[in-house]
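Could you put together the complete structure from these sequences and hints?
So the sequence lines, in the order shown, correspond to chains A and B. Residues 1 to 334 (full-length UniProt numbering) make up the first sequence, in order. Residues 1 to 334 (full-length UniProt numbering) make up the second sequence, in order.
Check before you lean on any hint, since a few could be wrong.
Since the list gives no way to pick one copy over another, a pair counts as held whenever it fits inside one copy or between any two copies.
As the list claims (entries may be wrong) - Below, simulated EDC-like cross-link-like pairs (lysine to aspartate or glutamate); rule was C-alpha separation at most 20 Å, straight line:
1. K152 with D83
2. K254 with E282
3. K254 with E233
4. K203 with E294
Read the hints as simulated data drawn from the structure, not as lab findings.
There are 2 protein chains.
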Amino acid sequence: MAGIRDVAKLAGVSTATVTRALRDEASVTAATKAKVRAAALRLDYVPSAAARALSRGRSNLLGLFVPDITNPFYAQVAQGLEDRAAEARYHCVIASSHLNPERERHLLTSFQDGTLAGLAATTVGTDEGFTTALGATRGPLVLVDRRPRGIKAPLVRTDNRKVTRGAISQLFEMGHTRIAMISGPRDFDTACQRLSGFRLAYKAAGTALPDELIRHGHLGEAGGYKAMNELLELDPRPTAVFCFNNLVTVGALKAIREARLRIPVDISILAFDDMNLFPLVEPPISAIDQPAYEMGRAAADLLLRQLDGERGLGDVVLPATMIMRESLAPPSTR
Amino acid sequence: MAGIRDVAKLAGVSTATVTRALRDEASVTAATKAKVRAAALRLDYVPSAAARALSRGRSNLLGLFVPDITNPFYAQVAQGLEDRAAEARYHCVIASSHLNPERERHLLTSFQDGTLAGLAATTVGTDEGFTTALGATRGPLVLVDRRPRGIKAPLVRTDNRKVTRGAISQLFEMGHTRIAMISGPRDFDTACQRLSGFRLAYKAAGTALPDELIRHGHLGEAGGYKAMNELLELDPRPTAVFCFNNLVTVGALKAIREARLRIPVDISILAFDDMNLFPLVEPPISAIDQPAYEMGRAAADLLLRQLDGERGLGDVVLPATMIMRESLAPPSTR
Numbered sequence: 001m002a003g004i005r006d007v008a009k010l011a012g013v014s015t016a017t018v019t020r021a022l023r024d025e026a027s028v029t030a031a032t033k034a035k036v037r038a039a040a041l042r043l044d045y046v047p048s049a050a051a052r053a054l055s056r057g058r059s060n061l062l063g064l065f066v067p068d069i070t071n072p073f074y075a076q077v078a079q080g081l082e083d084r085a086a087e088a089r090y091h092c093v094i095a096s097s098h099l100n101p102e103r104e105r106h107l108l109t110s111f112q113d114g115t116l117a118g119l120a121a122t123t124v125g126t127d128e129g130f131t132t133a134l135g136a137t138r139g140p141l142v143l144v145d146r147r148p149r150g151i152k153a154p155l156v157r158t159d160n161r162k163v164t165r166g167a168i169s170q171l172f173e174m175g176h177t178r179i180a181m182i183s184g185p186r187d188f189d190t191a192c193q194r195l196s197g198f199r200l201a202y203k204a205a206g207t208a209l210p211d212e213l214i215r216h217g218h219l220g221e222a223g224g225y226k227a228m229n230e231l232l233e234l235d236p237r238p239t240a241v242f243c244f245n246n247l248v249t250v251g252a253l254k255a256i257r258e259a260r261l262r263i264p265v266d267i268s269i270l271a272f273d274d275m276n277l278f279p280l281v282e283p284p285i286s287a288i289d290q291p292a293y294e295m296g297r298a299a300a301d302l303l304l305r306q307l308d309g310e311r312g313l314g315d316v317v318l319p320a321t322m323i324m325r326e327s328l329a330p331p332s333t334r
Numbered sequence: 001m002a003g004i005r006d007v008a009k010l011a012g013v014s015t016a017t018v019t020r021a022l023r024d025e026a027s028v029t030a031a032t033k034a035k036v037r038a039a040a041l042r043l044d045y046v047p048s049a050a051a052r053a054l055s056r057g058r059s060n061l062l063g064l065f066v067p068d069i070t071n072p073f074y075a076q077v078a079q080g081l082e083d084r085a086a087e088a089r090y091h092c093v094i095a096s097s098h099l100n101p102e103r104e105r106h107l108l109t110s111f112q113d114g115t116l117a118g119l120a121a122t123t124v125g126t127d128e129g130f131t132t133a134l135g136a137t138r139g140p141l142v143l144v145d146r147r148p149r150g151i152k153a154p155l156v157r158t159d160n161r162k163v164t165r166g167a168i169s170q171l172f173e174m175g176h177t178r179i180a181m182i183s184g185p186r187d188f189d190t191a192c193q194r195l196s197g198f199r200l201a202y203k204a205a206g207t208a209l210p211d212e213l214i215r216h217g218h219l220g221e222a223g224g225y226k227a228m229n230e231l232l233e234l235d236p237r238p239t240a241v242f243c244f245n246n247l248v249t250v251g252a253l254k255a256i257r258e259a260r261l262r263i264p265v266d267i268s269i270l271a272f273d274d275m276n277l278f279p280l281v282e283p284p285i286s287a288i289d290q291p292a293y294e295m296g297r298a299a300a301d302l303l304l305r306q307l308d309g310e311r312g313l314g315d316v317v318l319p320a321t322m323i324m325r326e327s328l329a330p331p332s333t334r
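Given below as structure tokens:
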């Protein structure tokens with residue numbers, strides 16, 4: 001089997017650069033990374049973590065736990081994780097709990113035998129049984145998107161609060177004063193952070209926020225549909241609605257379509273998480289876009305570094321960006 | 001641990017009915033199934049396959065191999081598989097090869113140690129190494145959507161050829177005579193079956209099919225975008241285009257939008273596989289809808305029956321249905 005020195009020689013770089021390149025570190029240029037990866041592939045070089053895992057008879061499987069694989073956000077996280085893991089000769093399996101804490105706990109228990117070399121997890125459980133099961137999985141752990149209460153491990157997330165505050169402030173600048181939010185479960189810290197950014201924008205605008213404009217606890221298309229129908233009943237109706245995730249937005253859009261209201265003339269819509277068809281919806285939907293694929297890569301990277309013996313790794317916070325399309329406009333003056 | 005007799009007693013049915021209800025057989029009414037499941041849950045009853053698996057120290061994990069988890073078709077198959085498996089106290093892991101045969105082969109190799117109790121697979125590999133690796137996985141095997149050459153196992157699919165032939169015939173009836181198809185890789189039997197249905201509709205209409213109207217080998221948004229741009233260069237342009245899957249359709253729609261053509265005035269569009277946002281696209285996209293969730297349930301069912309000792313199971317062919325929306329119209333007469 002080829003060693004790191006062979007790869008360094010073939011790529012014309014130092015062994016330290018080989019290590020950094022295969023870890024996808026920002027200090028190495030894309031060109032050097034490509035050269036090193038080509039050399040590693042050509043020589044069939046297995047990087048150290050995987051090599052050590054194999055020589056110890058350890059698994060080369062990384063696990064990704066997600067609450068709902070039909071949510072394209074998680075599918076993209078999965079793809080980033082898989083691609084980064086494959087570079088280090090690790091492979092990934094995905095387990096989806098379908099938002100069912102009991103199923104999630106059973107799944108965690110299935111992996112307490114060392115089948116997985118490491119685990120990246122976005123979880124839904126909150127009780128003690130869950131915390132115990134998550135703590136009992138062997139090997140490195142990385143959290144993605146959300147931190148369950150009491151779990152210490154590096155977290156990959158975006159700055160939910162800041163990006164939401166900025167986006168909602170733009171709606172105030174357009175002239176909206178009655179902006180509603182369809183939020184998620186109160187024990188999801190992502191929902192809390194987005195709601196906190198939403199409240200901060202209200203505060204900065206000096207506008208009072210009536211309780212009726214916040215709808216808690218909604219998930220999936222069905223949740224968005226129900227919450228939007230409730231909001232459309234309000235008098236006066238909100239002039240803009242912020243949906244805390246993508247599938248909630250899909251349900252909300254269907255409710256608006258059924259009510260024969262026009263976006264953005266009758267109501268403006270802002271989604272958290274972009275979708276590949278949002279640019280083609282009538283009208284194209286504005287969204288706060290999280291770099292889901294990059295979040296998956298970062299999670300794999302944190303697992304690989306732990307497998308390489310690194311400890312005390314910090315959280316990774318990636319930027320989310322506002323994509324302005326046609327679903328946002330000043331409120332109609334009628 | 002509660003036995004089948006306890007469940008039968010609590011539910012007020014025979015033990016044979018308990019077995020059939022927990023297998024989700026059509027001969028049992030929905031009401032009886034609900035009663036039996038409630039009793040099984042209350043008594044914490046583990047059905048026989050799982051019980052035997054556990055008593056033999058066998059895995060309670062089913063695997064699902066898919067080529068691309070970012071394709072919502074596979075995410076829905078996964079959800080159906082998970083839900084059905086959970087009823088029998090099995091859990092599922094998903095592995096996505098990202099259309100990379102080498103990665104798929106490595107993944108298959110990772111599971112030759114008996115980690116999985118059974119495997120449901122939609123695969124991309126075609127070479128001998130792949131066939132060997134697939135054959136070497138232990139335990140029951142079920143194929144989903146496509147059958148790789150030389151692999152004998154029950155297959156869950158829809159009648160691709162028949163539904164496509166019917167849908168394309170409707171386009172001829174609308175007056176189209178120049179209908180193009182963006183097809184997938186030639187070694188995907190789904191692509192072949194859909195293409196075969198497409199050709200049959202041409203034959204039934206007595207219309208010659210020029211080679212330039214068929215674009216082979218396209219996958220994903222990028223593939224659909226490229227193929228549609230090629231089709232838009234043709235003179236005369238096709239008046240309707242059939243896209244062989246959902247992500248190919250997304251790319252094709254983006255190319256049409258960029259070319260500032262109007263659907264369906266300038267060009268009609270038909271997709272294979274529906275998506276949750278197709279009804280909200282401008283205009284709403286007509287699609288042939290496969291029952292992906294039900295396909296996943298059927299695949300789990302075939303695995304569970306094999307785990308229960310059944311042999312010689314046949315293929316399951318589920319109906320796909322045409323959903324007419326506004327992206328199809330008679331060709332413009334200009």
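Structure-based check of each hint:
1. K152 with D83: neither (26 Å within a copy, 31 Å between copies)
2. K254 with E282: both (12 Å within a copy, 14 Å between copies)
3. K254 with E233: within (15 Å within a copy, 35 Å between copies)
4. K203 with E294: Neither. Shortest intra-copy (32 Å) and inter-copy (48 Å) distances fail the 20 Å Cα cut-off.
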